[in-house]
Every structure is written in C-alpha cells, then in structure tokens.
Amino acid sequence: MPPEVGAAGLPATRRRMPPWLATAALLLPSYAWLTLAVLLPLTAMFVFSFLHATPLGNKPVVWTLEQYRAFHDQPYLLGVAWTSLAIGLWTTGICAVVGFAAALALVRATAGRTRETLLILVLLPFWTNGLVRVFSWTMVIREGGFLDVFVRWFWPSAPSLGFLYTTPAIVLGLVHGYLPYMVLTCYIALLSIDDAVIEAAQSLGARWWTVLFKILVPLAAPGLVTGAILIFVPVIGAFMEPRILGGRVGVTMGTVIEDQFTQAFNWPLGSALAFTMLAVVLAVFATFSGVLRRSAAT
Amino acid sequence: MSGVDVTGVAKSYGATRVLTDITQSFESGTFTSLLGPSGSGKTTLLRIVAGFVAPDEGSVRIAGADVTGVPVYARNIGMVFQSYALFPHMSVAANVGFGLGRRGIRGKAARAQVEEALEMVRLPGFGARHPKQLSGGQQQRVALARAIVIRPDVLLLDEPLSALDRRLRQEMQVELLRIQRESGLTTIFVTHDQEEALTLSDKVAILDRGRIVQMGRPAEVYERPRTKFAAEFLGDANFLTGIVRAGRVEIAGAAIATEDRLPPDGATVTLAVRPEKIAIRPADAAGSGALENSLPATVASVIYTGTALTYMLRSGDLSLKVFAQNSDGSPLAEGSAVVLSWAARHSVSVEG
Numbered sequence: 001m002p003p004e005v006g007a008a009g010l011p012a013t014r015r016r017m018p019p020w021l022a023t024a025a026l027l028l029p030s031y032a033w034l035t036l037a038v039l040l041p042l043t044a045m046f047v048f049s050f051l052h053a054t055p056l057g058n059k060p061v062v063w064t065l066e067q068y069r070a071f072h073d074q075p076y077l078l079g080v081a082w083t084s085l086a087i088g089l090w091t092t093g094i095c096a097v098v099g100f101a102a103a104l105a106l107v108r109a110t111a112g113r114t115r116e117t118l119l120i121l122v123l124l125p126f127w128t129n130g131l132v133r134v135f136s137w138t139m140v141i142r143e144g145g146f147l148d149v150f151v152r153w154f155w156p157s158a159p160s161l162g163f164l165y166t167t168p169a170i171v172l173g174l175v176h177g178y179l180p181y182m183v184l185t186c187y188i189a190l191l192s193i194d195d196a197v198i199e200a201a202q203s204l205g206a207r208w209w210t211v212l213f214k215i216l217v218p219l220a221a222p223g224l225v226t227g228a229i230l231i232f233v234p235v236i237g238a239f240m241e242p243r244i245l246g247g248r249v250g251v252t253m254g255t256v257i258e259d260q261f262t263q264a265f266n267w268p269l270g271s272a273l274a275f276t277m278l279a280v281v282l283a284v285f286a287t288f289s290g291v292l293r294r295s296a297a298t
Numbered sequence: 001m002s003g004v005d006v007t008g009v010a011k012s013y014g015a016t017r018v019l020t021d022i023t024q025s026f027e028s029g030t031f032t033s034l035l036g037p038s039g040s041g042k043t044t045l046l047r048i049v050a051g052f053v054a055p056d057e058g059s060v061r062i063a064g065a066d067v068t069g070v071p072v073y074a075r076n077i078g079m080v081f082q083s084y085a086l087f088p089h090m091s092v093a094a095n096v097g098f099g100l101g102r103r104g105i106r107g108k109a110a111r112a113q114v115e116e117a118l119e120m121v122r123l124p125g126f127g128a129r130h131p132k133q134l135s136g137g138q139q140q141r142v143a144l145a146r147a148i149v150i151r152p153d154v155l156l157l158d159e160p161l162s163a164l165d166r167r168l169r170q171e172m173q174v175e176l177l178r179i180q181r182e183s184g185l186t187t188i189f190v191t192h193d194q195e196e197a198l199t200l201s202d203k204v205a206i207l208d209r210g211r212i213v214q215m216g217r218p219a220e221v222y223e224r225p226r227t228k229f230a231a232e233f234l235g236d237a238n239f240l241t242g243i244v245r246a247g248r249v250e251i252a253g254a255a256i257a258t259e260d261r262l263p264p265d266g267a268t269v270t271l272a273v274r275p276e277k278i279a280i281r282p283a284d285a286a287g288s289g290a291l292e293n294s295l296p297a298t299v300a301s302v303i304y305t306g307t308a309l310t311y312m313l314r315s316g317d318l319s320l321k322v323f324a325q326n327s328d329g330s331p332l333a334e335g336s337a338v339v340l341s342w343a344a345r346h347s348v349s350v351e352g
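Taken in order, these protein sequences are the chains called A and B.
Start counting the first sequence at 1; every next residue gets the next number (the UniProt record's numbering).
Start counting the second sequence at 1; every next residue gets the next number (the UniProt record's numbering).
Read the hints as simulated data drawn from the structure, not as lab findings.
Quantities reported herein were computed from a predicted structural model and do not represent experimental measurements.
Be a bit skeptical, because a hint or two may be false.
Claimed, not checked - Pulled a few chain B residues facing chain A out of the computed Cβ check, cut under 10 Å: (1) Arg47; (2) Ala50; (3) Phe52; (4) Gly69; (5) Tyr73; (6) Arg75; (7) Gly78; (8) Leu100; (9) Arg102; (10) Arg103; (11) Ala143; (12) Leu156; (13) Asp158.
Said to hold, decoys possible - Far from chain A by the CB rule (all over 10 Å, computed), these chain B residues: (14) Gly58; (15) Arg61; (16) Leu123; (17) Gly137; (18) Arg169; (19) Glu195; (20) Ala246; (21) Ala255; (22) Leu262; (23) Ala267; (24) Pro275; (25) Glu276; (26) Ser294; (27) Val302; (28) Asp317; (29) Arg345.
Said to hold, decoys possible - Restraint-style ranges between C-beta atoms, simulated for each label pair: (30) A/Arg207 - B/Pro124: 24 to 34 Å; (31) B/Gly125 - A/Gly290: 51 to 61 Å; (32) B/Gly125 - A/Leu78: 48 to 58 Å; (33) A/Pro125 - B/Arg122: 50 to 60 Å; (34) A/Val149 - B/Ser59: 49 to 59 Å; (35) A/Ala25 - B/Thr199: 56 to 66 Å; (36) B/Arg122 - A/Phe126: 49 to 59 Å; (37) B/Arg166 - A/Gly290: 42 to 52 Å.
For every residue, glycine included, the Cβ atom is placed at its ideal position computed from N, Cα and C.
The shape of chain A in the complex, shown without the other chains (with noise of 0.2 Å):
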C-alpha cells in the first residue's frame, strides 16, 4: 500500500491498524488470561511455600526457608522422589518405544481413510474421563479380574496374574494416558522425512534395522524429545495413578504434594515441594533443550 493514500482524499480513520497493534489485540487475550488464571496463583502459592504455617485464621504470619529444607530434614522424601523419578523414566521409555513403533507403522504402512482412523483411535484416552480411565484398569489387573478369567479360559488353573497395587500397574496407567503424546509427536516428526532418503540408505547396502537407528531414530530425534518432555513432566507429578492403582506403594511426589493440600493442610510444604519438582523439571527442560537445539540445526 503506498504512503500516501491518505493525501489521495481518503479520509484518515480508513487508514490500517499499525501492525503492531494488530499483533497486540491478537495476543491480549490469551496471554491476560494466562496471567490471570496461572500466574496469580501461582505467584501465590510461590509466596506460600516460605510461610510457617497455613495463613488461615487468626495466626500470625511467620516468613521462614524451613519448607524447603524438607528434602533434608524428611530423608523419606528422597525414596518418595526416586519412585517417582523412575515411574517417570519407566513410563516415558515404554511409551518411546510403543509409540514411536505405531508412529512408523502409521507413516509407512497407512495411507488415507486406514490412516485417519487408526490416528483417531490413538486419541480415545484423551476422549475418557481421566478417573474412569485409571478406575477400569483396576477390574482388568486386579486378582480374579478381567484378565486372571481370560486367561484361566486358556488354563483354569493359572495362577494369579493381577499386579494391581505395584509399580508396574502404576506405569501401565500412565502410559495408556500418556502414550498418544508420544505417538503424534512422533508420527509429527517421521511424516516429513522424505521416502528417497530410506531408499537411498537401502540402496547403499542398509538392512532394517541400520534404517532405523541411522536414519529414523535421528532424524525423528526431536519428536522423540518433545514426546518425552510431554509425558515425563507431568508423569512425575502424577497422583491419580499411582494412589488408585499403586495403592500402598503408590507413594510418589505427586501424592505427597497432594496429601499436604488436602490432608495435612500443610500449604506452604506442599508449594516448596511443588516448586522444587518445578526447578528439577526447569532443569531437565534446560539440559533437553539444547539437544532439541542441535537437532533442529543439522
């Protein structure tokens, strides 16, 4: 548009939004809600976790570190996080290897209507009620549940196969909630590798699996990343799965937190735990972020 429309007789109001406005009025909304809604809070539990005590009531407001020395002061605390650090490890890596192969299978073995479906599908645990999700698998796992009877059709007397109440069934619901992260991300990153490329690798002598750990796997590396980060982060903060499914031993960070907000009443632990998990998360954001960098440069 030339300058100087407006000296052509147009009148001044009809003139364009400066850009930058335009940009503005674009952004606003989203990001005063984001402030209003996550960062109010969350400034407020931030200050919360260097009180004494709950500020309920008429007690008087002590400001104190205390909280966040509860790593050292509670040493059962570093058993709770090493649970739940390798609850995270655990779910992330199946959930890498199950979902990067549905991804492969879907880019190279699908095309158009077979295609959409089966990514449809992948979405159904986003479709579930969380609750109901976690709750249905405790009739398949548990002792005499659905998959002890399916599997004494076979061989009525089986032993028990239930596991509800471990680690293992904890992981087993945290992957089916989290695994479709895995699966489009991956699915993301496989689609735009180009066919010619697999071809030339195979045309120089490569078998299935130098294909695949040569040229698949580093070249999807950043959707591989991006999954992990998806799913370890709230995987490690989780509550849900493992208190209905972990029972006893689903004692995780995420419990703890949760037991200090709704059962001890203890608000300013539960912040500085949660904001430790959140420096610890920042951390591993940190240290992923320049192998995401690197990745995205070559």
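Given chain A, work out where chain B should sit, using these hints.
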C-alpha cells in the same frame, strides 16, 4: 559380460499395466537413457532393476547374477534420486561413507575413498559440511559421490538433473558424462528430457505405454525412428501418409521417394520427415536438382527466433513444419508460394 539384463519383465498395479514384456540388455560400461513421457513406465523399470519394485513376471540379472529375488540392500547398486535424498543429519563425509560402512570399510581406508570420491565430483574438502550448507548442484554431486564410492555394479539415475536450473543442469550433464566415463560404470538414466538423453547417452531407449519401442545409439534413433511415437517424442517430425505406388508414396499429388523398404503397391504408409531436413525456397527461384523430393506449399506463418526460423506451411490439406537457418535476414512472407525439397533418405517410413 553384460551389465544388466532384463528378461520378460512385466508389472501391473491393479488393472493398470505399467510394463509389458520388457527384454533388454544394458551392456557393461555403457550409458543408457530411458526416455519417455510420464506414465511410460521408465521409472518403474529403473525401480525394478534397483529392487524397490518386484516384477510380476520376468527376471533381472546384474553383472551376470540373477537378482530377481534379492533385496535392495544386497544388490550392490548406486542410485541417485531427483530429490538428492542426502541424509540431512550427517556430514558430507558421513553421507558418502555410509555405503562403505555397510560394506565393513571404516576408518582410514574409508576416509581415503570418501576423499577420492569427493575429488571425482570436484568437491574436495567439503567432507565436514552438512547438506544444508550446500547448493542444489553441490548436493547432487554429493549424492553422486555417495553412489559411486561403493563401486556399484550399476549406477541408476532417477531424473537426477531435473530439480536443477537450466545452466546448472548443462554443467552437471558435462560432469556426469565425465564421471561416468572415468568410472566406467554401467549407467541407466531415467529422463523425460530428450536433449539430455541425446547429449549423454551411448544408447537411448524410448518407452511408450510400458514398452521399449526403440533402442539404439542417439543418432540412429533420431535419424531412423521406427515408430510415429519415437519420431515425435525425440525431436520434431512431419508425418506424410499416402499410398504406395511404383516404389514411391503418393502424397498430396506428389510422389515422394524414400530409401526405406516399402510394402507392395496400394498399401498405406506413413513417412516421417524432420523439419530441419527440408529445404525451403520461393516457388520462382531455381531449384537445386540434388534433392529427390519436392513439394509445393504456401507459408501459413513464420516464427522468428533470431538464429532460426520456423515455418508453418500448408500443401493441399497437409500441414508441415520446417526449421530454417536465418541466413539472409529476410524471412519469406506469409502467404508466399514456396517449394519444399528433401533427400529420399530423409523420408523415414514409420509404424503407426
């Protein structure tokens, strides 16, 4: 020993027949172009030789060994793709060394061969770069180096130059020819560009609807096309259809001579005459008696391109095209009466 032998190969996708009974020998060390329009089956034939597509019938032999049932990775082929298909996450040296690694050649020996291959494609010292840092022409050279470094039994090129711009393409044609001559590799080159095929090849095979209609040296195929399709696809051609009478062909009232064997009197034949083989002169000018054929015509239009002229002419109900050098700077006017003449050996009898 022959490089590649294809025997009785046929391929259908569903009800569509892509290739029909292809039997062809690609001699060791020769550069053969598969030339045809899209859908003629040339890429499918290349992919059958590579092993990406299994033929429904027939067999493929590479360097004497039957490879019909052998998977791609075990065939010892070098292939260059239209999209370059370099491994984007690897350096140039790792790309070129990939095939060597698969053959157990690593370390110092591999590095020396990689550097040698990069020198051959005129990219010495580029090993540490990444594909993204190279231009299209350089990427295609790396792809070529990657394919030849493994000393394949056959080099397969799938329209490798068509993604490059015109100038770069001509440069790469020269390079490709030099590299093929230096390496002595049996090469099969798929293209839809006739000029490229004529420039580069020892042999040209013309494909039409899943069949090889003609194969031979470029000049042979160009000068003596066997079918109407071959004549039309490779270069330009005027088709004159008439009845055989007393060893000549009667067309538009004229008796046209040819050196080709003709069917008995009364049969209908089609002669192809290349537009640049026809001499054009004003009807009132003195004739040159050396040319056996002459045909009166009228200039319908002239296309002026500087160095050359294209005349569109009419002779009775025949339309003809003639290419002439712009030697005296004054093209014949539209509507003027002219006489066209050409030698008997330039009337080539072609199949429908």
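These are the hints, each one checked on the structure:
{"no.": "1", "hint": "Arg47", "in the structure": "9 Å, holds"}
{"no.": "2", "hint": "Ala50", "in the structure": "6 Å, holds"}
{"no.": "3", "hint": "Phe52", "in the structure": "6 Å, holds"}
{"no.": "4", "hint": "Gly69", "in the structure": "16 Å, violated"}
{"no.": "5", "hint": "Tyr73", "in the structure": "5 Å, holds"}
{"no.": "6", "hint": "Arg75", "in the structure": "8 Å, holds"}
{"no.": "7", "hint": "Gly78", "in the structure": "7 Å, holds"}
{"no.": "8", "hint": "Leu100", "in the structure": "9 Å, holds"}
{"no.": "9", "hint": "Arg102", "in the structure": "3 Å, holds"}
{"no.": "10", "hint": "Arg103", "in the structure": "6 Å, holds"}
{"no.": "11", "hint": "Ala143", "in the structure": "8 Å, holds"}
{"no.": "12", "hint": "Leu156", "in the structure": "8 Å, holds"}
{"no.": "13", "hint": "Asp158", "in the structure": "8 Å, holds"}
{"no.": "14", "hint": "Gly58", "in the structure": "21 Å, holds"}
{"no.": "15", "hint": "Arg61", "in the structure": "18 Å, holds"}
{"no.": "16", "hint": "Leu123", "in the structure": "18 Å, holds"}
{"no.": "17", "hint": "Gly137", "in the structure": "18 Å, holds"}
{"no.": "18", "hint": "Arg169", "in the structure": "19 Å, holds"}
{"no.": "19", "hint": "Glu195", "in the structure": "25 Å, holds"}
{"no.": "20", "hint": "Ala246", "in the structure": "58 Å, holds"}
{"no.": "21", "hint": "Ala255", "in the structure": "55 Å, holds"}
{"no.": "22", "hint": "Leu262", "in the structure": "49 Å, holds"}
{"no.": "23", "hint": "Ala267", "in the structure": "49 Å, holds"}
{"no.": "24", "hint": "Pro275", "in the structure": "39 Å, holds"}
{"no.": "25", "hint": "Glu276", "in the structure": "39 Å, holds"}
{"no.": "26", "hint": "Ser294", "in the structure": "54 Å, holds"}
{"no.": "27", "hint": "Val302", "in the structure": "44 Å, holds"}
{"no.": "28", "hint": "Asp317", "in the structure": "50 Å, holds"}
{"no.": "29", "hint": "Arg345", "in the structure": "45 Å, holds"}
{"no.": "30", "hint": "A/Arg207 - B/Pro124: 24 to 34 Å", "in the structure": "31 Å, holds"}
{"no.": "31", "hint": "B/Gly125 - A/Gly290: 51 to 61 Å", "in the structure": "29 Å, violated"}
{"no.": "32", "hint": "B/Gly125 - A/Leu78: 48 to 58 Å", "in the structure": "54 Å, holds"}
{"no.": "33", "hint": "A/Pro125 - B/Arg122: 50 to 60 Å", "in the structure": "55 Å, holds"}
{"no.": "34", "hint": "A/Val149 - B/Ser59: 49 to 59 Å", "in the structure": "55 Å, holds"}
{"no.": "35", "hint": "A/Ala25 - B/Thr199: 56 to 66 Å", "in the structure": "59 Å, holds"}
{"no.": "36", "hint": "B/Arg122 - A/Phe126: 49 to 59 Å", "in the structure": "54 Å, holds"}
{"no.": "37", "hint": "B/Arg166 - A/Gly290: 42 to 52 Å", "in the structure": "43 Å, holds"}
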